Amino acid sequence: MKHFFSVRLLLTVFLVLSLGFAGYSMYYKIKYWGFSLSPKQSANVWAIEAHINFTADGLPVKVSLGIPTKNKGFKILEENVIADGYHTSKYADRIVFTSKNKSGEQNLYYKIIVFDNMPGKDKLKDKAPAAPQLPELDDQRMAQARQIVKLSRQMPGNDAIEQLINLFNAEPLDPALKSYLPVQYTPKMKLEIMQELLAVSGIASRTARGLQLEEGQKITPDLMLEAYVDGAWRIYDTSTGKRGLPDNFLLFQRGGKSLLDVEGGTESTVKFSLQKSITSTMNLASQRAKLAEKSGWFDHTIYTLPLAQQNTLKWLSVFPIGILLVVLMRNIVGVQTMGTFTPMLISMSLVKTGFLTGLICFIAIVLLGLAIRFIMSKLNLLLVPRISAVVIFVILIIHALTFIGYNFDIKIAQASVFFPIIITAWIIERASITWEEDGPVNAGKELFNSLLVGIIVYFVIANDYVRHFMFVFNEFNLVILFIVMLLGTYTGYRLTELKRFAPLVKKVK
Amino acid sequence: MFGWFKNFTSPKLLRAKGVLGMNARNFHIISKYNARRLYPLVDDKVQTKALALQYGVKTPDLIGVIEHQYQVKNILQMVKNHHEFVVKPAHGSGGKGVLVVKDYTDNCFMMSSGKVLTYNELYQHISNILSGLYSLGGRYDEALVEEVVHFSDIFKNYSYQGVPDVRIIVYKGYPIMAMTRLSTAESAGRANLHQGAVGVGLDIKTGKTKRAVQHNLPLTRHPDTDADLRKIEVPLWREHLLIAAKAYEMTGLGYFGADIVLDAQKGPMMLELNARPGLAIQIANGLGLKKAVKRVDKKYPSGLTPEQRVDFILS
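Protein chains in written order, with this note's numbering: chain A, 1 to 509; chain B, 1 to 315.
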């Protein structure tokens with residue numbers, strides 16, 4: 001007894017460990033490689049192009065454009081610059097084009113392809129600001145400002161900044177705020193006033209620019225408010241008042257710097273065009289892995305193998321779950337099948353042939369085979385030659401069915417090619433021996449049970465989600481291994497035994 | 001719909017009754033007390049017979065063994081001093097492949113079932129045995145030729161064709177449960193309960209009927225012969241138990257089933273042993289094996305001789 005419990009304990013520990021490992025690696029794969037739970041094959045990729053246009057004055061030119069800084073909110077697949085005759089140099093958050101004397105209209109392009117735009121975290125790394133200076137306002141305006149700040153405290157929101165933004169977005173606008181604002185103002189001006197008010201309440205803030213990812217062209221980038229709260233820079237969406245980057249928002253430039261600086265040119269504009277395209281998820285996985293901090297791993301996984309090998313492994317990694325089902329059916333439910341893994345083999349062939357066609361075909365082959373086997377049993381052949389003869393007969397039946405299927409265009413019959421010949425022959429042999437020894441009812445029962453379990457296994461292993469999951473998160477096969485081993489210590493009654501032994505606990509009438 | 005569920009019972013009730021399930025049998029008993037290396041001793045009837053001889057356990061006398069295909073025709077030489085004999089596979093089970101020859105002439109063999117086989121047909125049968133037709137897993141096998149058991153008349157009315165034997169379950173050397181299987185017309189002369197044979201649970205102390213079941217349902221009379229099943233009392237019961245108990249020392253198996261037949265002149269004889277005896281005996285007895293096993297573990301002394309163990313059971 002003691003020994004038994006320690007085995008079970010050991011296996012349970014291994015099961016828990018493997019579950020932890022599989023769980024972590026699932027998290028890792030989803031987070032860093034972007035694997036998903038659903039078997040979707042493609043992901044969105046955004047191509048963003050910044051088009052800078054200006055007229056050069058005939059002097060040396062220096063153009064500086066704010067670019068997205070590397071962060072976890074998105075990943076860059078490709079980066080491209082088109083700037084003839086310019087020398088380009090890239091910095092962490094800016095790209096600079098320089099050239100000797102130029103004149104006339106100039107066009108510069110900066111293009112990036114990004115993917116995995118995740119809702120960004122609200123915290124952004126940057127140096128802490130100096131305490132904000134109180135804006136230089138006259139006494140009346142200062143009093144107004146203080147009143148507005150006070151007013152904003154009554155607005156909903158998680159912090160002072162959200163409250164203030166909500167006050168600005170309230171409909172109708174509070175009269176106190178309305179009188180503080182100019183009659184007409186641009187979003188940029190509105191943001192500046194917000195910053196002013198924040199400075200009054202002692203909160204350092206600045207503007208940030210970015211692009212909401214939606215297909216089309218944009219002349220002005222979208223503005224965001226950055227504020228230094230609780231020891232970190234946080235970003236706020238001024239249109240919703242929510243802290244954190246909105247979905248599909250690509251931050252281009254931060255820290256209150258300008259988006260575009262042009263020296264030696266006039267009438268400069270920057271225009272953005274955005275385009276969405278779709279690519280395969282596996283394609284992106286290696287890109288993601290390369291970008292992820294702890295990369296190296298990906299190169300040592302099955303996902304870098306050629307597709308043909310990957311497909312074979314995908315096919316294999318679904319079996320453990322089928323095996324688990326067979327174990328459950330035999331040891332927990334107590335279904336008697338022909339041989340241990342016959343149902344497994346039946347379901348594998350069904351996957352190759354398609355369900356209904358395979359089923360009909362399988363039944364046809366077995367019935368024909370049984371008929372031939374009965375004729376043969378009259379001949380009293382020795383075992384090995386007899387089973388070999390059955391194998392040859394099965395091959396001939398498959399020949400016939402495939403030929404008939406092709407010529408009469410019956411898809412069902414054509415599927416017969418995919419049945420494992422030796423296994424089918426053994427099924428026929430076993431069925432006929434059971435038939436002779438235990439009668440047709442028992443033979444039929446065994447065949448039916450094997451087929452039933454095979455069908456159940458089929459529906460699990462043919463499921464796209466299951467196949468995707470077991471391949472992409474293949475560590476779960478380890479979990480299944482320990483579940484199967486733990487089931488090896490299950491000593492309770494089988495479900496069918498509850499029926500079999502029922503007469504034992506019933507009163508004898 | 002719900003009527004069907006009534007066929008099921010709860011695990012709780014089964015546990016209370018001490019019923020042994022297949023998983024528990026395999027895990028707690030067989031894998032623990034029956035070492036794999038001992039299996040050949042009982043799976044191979046040639047070895048079992050040799051052991052039995054060594055330990056003074058009666059079995060049907062061996063006439064000869066046919067090991068290779070080229071020896072098949074030696075059977076005539078082998079049986080020249082016997083007019084009746086039995087041919088069986090060494091690795092068979094459940095009476096598969098057994099031929100009982102009552103007599104033979106210059107050109108044919110007469111079976112006890114009334115069938116007549118030509119010489120060639122008998123050779124074919126032996127050849128089939130050798131190629132593994134009746135052996136577990138289809139391995140190459142040997143054919144045993146042994147003397148015929150003359151069944152005691154006691155069972156005559158209790159069986160339709162076939163020959164009833166007594167199955168005794170032995171745990172740690174103690175006989176703990178017994179039954180006899182009676183073939184019926186439905187089971188076609190076979191002794192398998194799931195094919196419709198009648199199982200009669202026998203009281204381990206007396207060898208008398210405890211209860212009889214067919215298809216898991218209790219009954220009192222044999223469906224074909226109408227004999228009163230409640231009146232069975234196996235004679236020489238102590239000898240039956242002793243044979244079963246001695247098989248423990250013989251094989252070293254902690255848990256097995258001993259199949260014993262009663263010969264009219266020679267008394268009880270061991271037919272074969274089974275290292276993985278079925279669980280249907282519980283239904284025939286209306287008792288759980290787990291309970292019996294626990295009793296042995298807790299209360300029965302160890303280190304006794306077979307005789308002492310049998311006396312302990314009978315006391």
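Heads up, some of the hints might be wrong.
[As the list claims (entries may be wrong)] Pairs of lysine to any residue, SDA-like flavour, derived with a Cα cap of 25 Å: (1) A:LYS188 / A:LYS352; (2) A:LYS445 / B:LYS172; (3) A:LYS445 / B:LEU279; (4) A:LYS378 / B:ASN23; (5) A:LYS242 / A:ASP159; (6) B:LYS298 / A:THR489; (7) B:LYS17 / A:THR491; (8) B:LYS208 / A:ILE48; (9) A:LYS499 / B:MET110; (10) A:LYS242 / A:SER258; (11) B:LYS6 / B:ALA35; (12) A:LYS506 / B:ARG25; (13) B:LYS172 / A:GLY492; (14) B:LYS290 / A:LEU17; (15) A:LYS352 / A:TRP435; (16) A:LYS506 / B:VAL116; (17) B:LYS210 / A:VAL505; (18) A:LYS499 / B:LEU217; (19) A:LYS378 / B:LYS290; (20) A:LYS499 / B:GLU121; (21) A:LYS499 / B:LYS298; (22) A:LYS378 / B:ARG15; (23) A:LYS499 / B:ASN23; (24) A:LYS445 / B:ARG276; (25) A:LYS314 / A:ILE480; (26) B:LYS17 / A:ILE480; (27) A:LYS90 / A:ASP138; (28) A:LYS378 / B:GLU121; (29) B:LYS6 / A:LYS188; (30) A:LYS62 / A:ASN80; (31) A:LYS378 / B:HIS68; (32) B:LYS115 / A:THR491.
By construction, these hints were calculated from the structure, which means they are not laboratory data. All values derive from a computational prediction rather than experimental measurement.
Quick rundown of the hints versus the structure:
no.	hint	verdict
1	A:LYS188 / A:LYS352	violated (62 Å)
2	A:LYS445 / B:LYS172	violated (36 Å)
3	A:LYS445 / B:LEU279	holds (20 Å)
4	A:LYS378 / B:ASN23	violated (39 Å)
5	A:LYS242 / A:ASP159	holds (10 Å)
6	B:LYS298 / A:THR489	holds (23 Å)
7	B:LYS17 / A:THR491	holds (16 Å)
8	B:LYS208 / A:ILE48	violated (93 Å)
9	A:LYS499 / B:MET110	violated (44 Å)
10	A:LYS242 / A:SER258	holds (24 Å)
11	B:LYS6 / B:ALA35	violated (39 Å)
12	A:LYS506 / B:ARG25	holds (22 Å)
13	B:LYS172 / A:GLY492	holds (22 Å)
14	B:LYS290 / A:LEU17	violated (35 Å)
15	A:LYS352 / A:TRP435	violated (29 Å)
16	A:LYS506 / B:VAL116	violated (47 Å)
17	B:LYS210 / A:VAL505	holds (16 Å)
18	A:LYS499 / B:LEU217	holds (13 Å)
19	A:LYS378 / B:LYS290	violated (46 Å)
20	A:LYS499 / B:GLU121	violated (43 Å)
21	A:LYS499 / B:LYS298	violated (30 Å)
22	A:LYS378 / B:ARG15	violated (48 Å)
23	A:LYS499 / B:ASN23	holds (15 Å)
24	A:LYS445 / B:ARG276	holds (23 Å)
25	A:LYS314 / A:ILE480	holds (16 Å)
26	B:LYS17 / A:ILE480	violated (34 Å)
27	A:LYS90 / A:ASP138	violated (43 Å)
28	A:LYS378 / B:GLU121	holds (12 Å)
29	B:LYS6 / A:LYS188	violated (77 Å)
30	A:LYS62 / A:ASN80	holds (19 Å)
31	A:LYS378 / B:HIS68	holds (24 Å)
32	B:LYS115 / A:THR491	violated (46 Å)
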